[in-house]
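A.B. asks: Please build the complex by placing chains B and C on the supplied structure of chain A, with the hints as guidance.
Residue numbers (the numbering used here), protein chains in the order written: chain A, 1 to 662; chain B, 1001 to 1074; chain C, 2001 to 2147.
Simulated from the structure, these hints should not be mistaken for lab results.
Note that CB positions come from ideal geometry on N, CA and C, so glycine has one too.
Beta-carbon label-pair distances, calculated as ranges:
1) Gln46/A / Pro2127/C: 50 to 56 angstroms
2) Ser382/A / Ile2027/C: 31 to 37 angstroms
3) Ile286/A / Ala2034/C: 22 to 28 angstroms
4) Arg1016/B / Ile53/A: 46 to 52 angstroms
5) Leu2111/C / Lys1008/B: 48 to 54 angstroms
6) Ile2123/C / Gln46/A: 52 to 58 angstroms
7) Leu472/A / Ile2017/C: 52 to 58 angstroms
8) Ile2017/C / Lys490/A: 26 to 32 angstroms
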Amino acid sequence: MKDIRILFAGNPNVGKTTLFNSICGVHQHTGNYPGVTVEIKTGKRQINGHSIIVSDLPGTYSLSAFTPDEQVARDALLSSGPDVVIQIIDATNIERNLFLTTQLMEIGLPMVIALNMCDLADEQGMTIDADCLERNLKIPVVRIVARKGEGVEELIKTIIQVSTHKTPAVHRAVEYPHSVTSHISEIGNYLSAHASLLGSLSPHYAAIRLMEGDEHLEKMLHEKGCTIPFIDTTDPAERDGIAEDILLARYKISEEITTCSVQCSMGRVMPGDLIDQVLTHRLFGIPIFLSCMWFAFQLTFSASNPFIVGIEYIFGYFTELMNSVDMDPLIRSFLSDGVIGGVGSVLVFVPSIFVMFLLLSILEDTGYLARAAFVMDRLMHSVGLHGRSFIPFLIGFGCNVPAIMATRTLQSRADRIITIITIPFMSCAARLPVYVLFAGVFFGAAAGNVIFFLYVLGIVVAILSALIFRRLVFKDEPSPFIMELPPYRKPSGFAAAVHMWFKGREYLKRAGLVIFGGVIVVWALATLPAGVEYGSADSLVGIIGQVFQPVFAPLGFNWQLVVGLIFGFIAKEVVVGSLGTLYGGEEMLESSLAADPTLHPIIALAYMVFVLLYLPCVAALGVIRQEMGTWKWTGIAIGWGIFVAYVFAFIIVHVGSLFIGA
Amino acid sequence: MVPLSLTKSGEKVVVRSICGTGHLAKTLGQLGIIIGIELTIIQKAKESVIVRIGESRYALGAGAASMVLVEPRK
Amino acid sequence: MNNTTYPHQYLYGWTGIVTLTTGIAGIISIREGAGIGTGLFIPDIPGGCILLLIAALFATAVIKGRTDRPGWISFSYIGALLLVVFAGCAILVETGNFLTLIMEGEEAHLLTIVSSSFIWAAILAIPLLAGVSKLLYGCSCGGDCCE
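Isolated chain A (complex conformation):
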C-alpha cells in the first residue's frame, strides 16, 4: 500500500498536538495557550497495511500568514501537496473555527474535519449536529475527544477512505457577491494563461488569494514580470473594500452553517468570565501573578531539597566504597574526581529541575499563562516589548531554546529581535544548579530568597535591555497586542507528571552526554600534563584558567570559577560539573567552596549574576542564529549579554564590598 500523507491544520489551541500525540504515540509538548507549536512536526503510524505520515502544523486563524509560524503552516498547505488535510475544530467554538474551513475548502484538497473536545461541548450544554455540518460543508466530520483518545480510530478509518477516493474533492463553495466574482474570473482568466507560474495552485484559487491580499503571492508574480488585472490597476481603498466583502462572505457562511447545526444557550455568564474579572484586575492582576511565581520558586527549592540530600548520600557512599577498594590511582582519580565529582554534582540538581517542570506544566494547563500575558502587556508595552513576548519569556525559564523558537508567533521583526535578545536573561533550568550550589553554601537559610532575587534580576535586565534597544535602535512602538484567551481547565496532575518526566528525561540525557563529555574534558585537562597535582594551578586547566583570570580579576573570580564559566558555554550545567571536578568531587564541593579563602558571599553573588547573564549555551546560540537569520544580530545578542553580565557583576562586587567594609 502507498503512504498516506496528511496535514493537521486548525486554529491555535484546538488540540492539534494532542491528537498528533495520540495518533503517532509520541510525546510532543502541548499547553493551554495559543502558539505552542511553531514548526512542523512529523510522525508516522502503521495501520491495516497503510502507513500514515502525519504533519502537525502551527495553529493559524487564516491563511493570510502575517507571522512566521503562520507562513510555515500556509506554505505546507499550499505547496507540499498532501493526500488529505485534517482540520481540527474546537467543538465549543465552531463558528470561529469555520472561518479557516472556508479558506481550506477552496484549496481543493480532500479534507476531513475532526470535531475535537466534544465532551466539553456536551458539558456546556451544546448540541452539535455533526451530520448537518457534514451535509452543509460536503466534508466528512468525525467527533473526537483527542485528550482521551475517543474517536481517533474512526478518524483514521475516514482518512484512509477519503484518501483512496478516485474522484477529486468537491466541497461547498463560498458564495461571493457579484462584485467579487466578476473580479475573480477576470484575474482567474489572466492567470490561466500563466498557469505555469502558480505551481499547484488553481488559477481560480490564486485569484481569490490575491484579492484577499496575499502579499507573498503578489510579490512572486510581480517578480516574474506579471501585471495582474484589477490588483495592479485599482486603488488600494477599493481593493480593501473587496477584501472586506470576501471576509464578510466567509463569516456569513460560517454563521449560516453554525446556526443550523449547533444549539446552545448563549448569553449566559460563564465562570471563566467571573474569574477573569479578578485575575486580570488592573490592580490585583500583577500582585497575584507575582505571588504565584514566588510560591513556585519556594517549592522548586524546598520541596526538592530532601531528594537532593538523598542523592548526595548515594554519591558519598560510592566515594567511600572506592576509597576502600584497591585500584590504580589514575582510574581512581577518573572515577572519583571526574565521574562522581563532575556528573554527580550535576545530577544532584535533577530533583529541582523536575519540580520546576512540574509546576510550569501545571500553570500552563490551567490557562492562566495567557491571562498573565494580558496582565503583563501594559508593563511590557511600556518597556517596549510586545505582550505576546511574555510567553516565550516564561518558556525561557524552562529552557531558552524552545523560548527563542516561540518568538515566531510575533508579527513584527523588531518585536522578534528584541525578544530574542532578551530571552537569554530568563534564567533557564540549567542555570539553577549554579544558584542552588552557591546560594546554599554562602547564604544558608536565605538561599531561596537569593534565588528568587536572581530570577527577578534576570527579568529586570531583560526589561532594561528591551528599553534600550527599542528606544535607541528601533525607535518605534511595539505592534498592537491581540491574543486569544483559552478557556480555564482543571490541570491534570497525571498529564503534568508525564510532561515533567519527558522534560526531566531530556535533562538527564543531556547530563549523560553533553555534560559527561564536558566534565571528562575538564578532568583530562586537570590531570595533564602527567605528574602534576590534580586540578592544581600547574595543570592544563589551571593554565587556561589563569590565562583568562586577569580579565575577571576586577570581579574577584579565581581561576577555578573562570574555568567553570568557559566550559559553561557547552551547557550551563557544566559550570557546576567542572567546579565539582576541580574542587575535589561532589562530596567535597560544598565544604571546599566554603573553605576557599578567595571566596565570600559577595563574590558568590557576583558569580551567580554573571552566570545568569553572560552567554547562552551552544544550543541556544544555534537557535538564535537560525531565528535571527543574520550573524550581525546574533553577534549583537551575544556581545550585549557578556557586556551586561560584566557590568552587573562589577557593580555587585564593588558596591557589595563597601557594605561589608572589605
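C.D. replies: Coordinates of chains B and C only, in the frame set by chain A:
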C-alpha cells in the same frame, strides 16, 4: 461611537467601524472582530480590554482597542 | 440589593471573618519576620505580604458584595482558591525543609510543618471556597444567583 478602550466592564457593544488598514485590521477580521458584530466587555484594565464574542475571548492591548469603534447595543 | 434578604448571608458574613483572619495572619508573619513576635509562627515577610494581598481580595469581595453579587462571588472564590493552594504549597515547603534537616542529622520539630500562618488562614477559608465555587458554577449554568 467610542473606541473600545473607553467602554466599561460588563457592557455589551456593537462594532461600528475599525480604524486603520493593514495588518491590524486584517488580524482583527480573522478573529471575527468585524463591523456589526456584538462584543461583551469582560474586563477593562486601563485601556486594555478583554472581550468575548460567542465562545471566544480575546485580549486587546491599548493600541488595538483604540482602533475599534463601538456603540452600545440597543 | 438588600443584605438581609441575601440567600447566602452566612457565607457572605464568613467572607468578612476570613478577611480579618487572613489579614491578621499576614501581619503576624511580617512581625515574626521583623523579629518582633511570639515565635510560634514561621517568620516570612514575603509570605506575609501575599497574605495581606489575599486579605485585600477578600475585602474587595465584601465591599462589592453589598451591591454586586457576582463581584463578591468572583473575588472571594479567587481569594479562597489562592489561599488554599498556597497553604498546600506552604505545607510542602515546610515538609521539605523538615526532612532536609532530619536527613542532615540536625534538630527539627515536626510542628514546624504546620506552623506557617498560611495553613491556619486557609483552614478557615475552606468552607468559603466550597460554598462559593458552588455558586460560581451555578452562575455559569444559568442559575439565579447572578440576577
